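Novice: Given the sequences, and given the hints that come with them, work out the whole structure.
Per my numbering, residue 1 is the first one in the sequence shown, and the count goes up by one each step.
Hints were generated in silico from the structure; no laboratory data involved.
Remember, predicted model here, so these are calculated numbers, not experimental data.
Just to be clear, a hint being listed does not mean it is correct.
As the list claims (entries may be wrong) - Within a straight-line C-alpha distance of at most 27 angstroms, the following computed DSSO-like cross-link-like pairs (lysine-lysine) qualify:
#, residue 1, residue 2
1, K90, K137
2, K61, K90
3, K61, K99
4, K90, K121
5, K61, K121
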Amino acid sequence: MKRNQLNNRPSDQGLGNRQGCSWGGRLNQEEGAVFMEFALLLPILTTLIFGAIDFGNLIQKQTALDTISRDAARYGILRITPLPTETSIKQAVEQSLTKEGLNPTDATITVNGAGGSSGDKLEVRVQYPHEFMVISKLLPMLPNTMDLNSITVLRLE
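Specialist: This is the structure in structure tokens:
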């Protein structure tokens, strides 16, 4: 009987059967165990990968909201002519949301203290819903949406 040069096992070349091939014949015990381990781990790995993607998107949106509310508050505390109003600060937030690829109509924007006197507090609050694309479908016990909030409070100059 000939021996296979790669693994020194008996070779069935020329006999016409395919027992040496993993998919053509029966799986041996080791190959079957590897296949079962992969089948058991695949859903877990898939959930981890898509969970990381979903939470990465969440963190990106939260970071964008933090930056937008901070920049709008900085704009609102400036003593420029004309003084920034609640409406102009909200418009600045909406423009920034659009630049970040977020829909401004989905956001809730609250501005308190605009146009006050020097030393007063200005608060800019931006709330935006985040929808989980994949992870809520893989794990239905998790909520489908989550509200992201960013609040910046600065003193007027």
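Novice: Against this structure, judge whether each hint is valid.
Specialist: Hints and how they fare:
This hinted pair does not check out: K90 and K137 have alpha carbons roughly 34 angstroms apart, beyond 27 angstroms. Using a Cα cut-off of 27 angstroms, the hinted pair K61 and K90 holds, with the two alpha carbons roughly 18 angstroms apart. The hinted pair formed by K61 and K99 meets the criterion: a straight-line CA distance of about 12 angstroms does not exceed 27 angstroms. Between K90 and K121, the direct Cα distance comes to roughly 17 angstroms. Compliance with the 27 angstroms bound is thereby established for this hinted pair.
A threshold of 27 angstroms between alpha carbons decides the hint, and for K61 with K121 the separation of about 26 angstroms falls inside it, so the pair holds.
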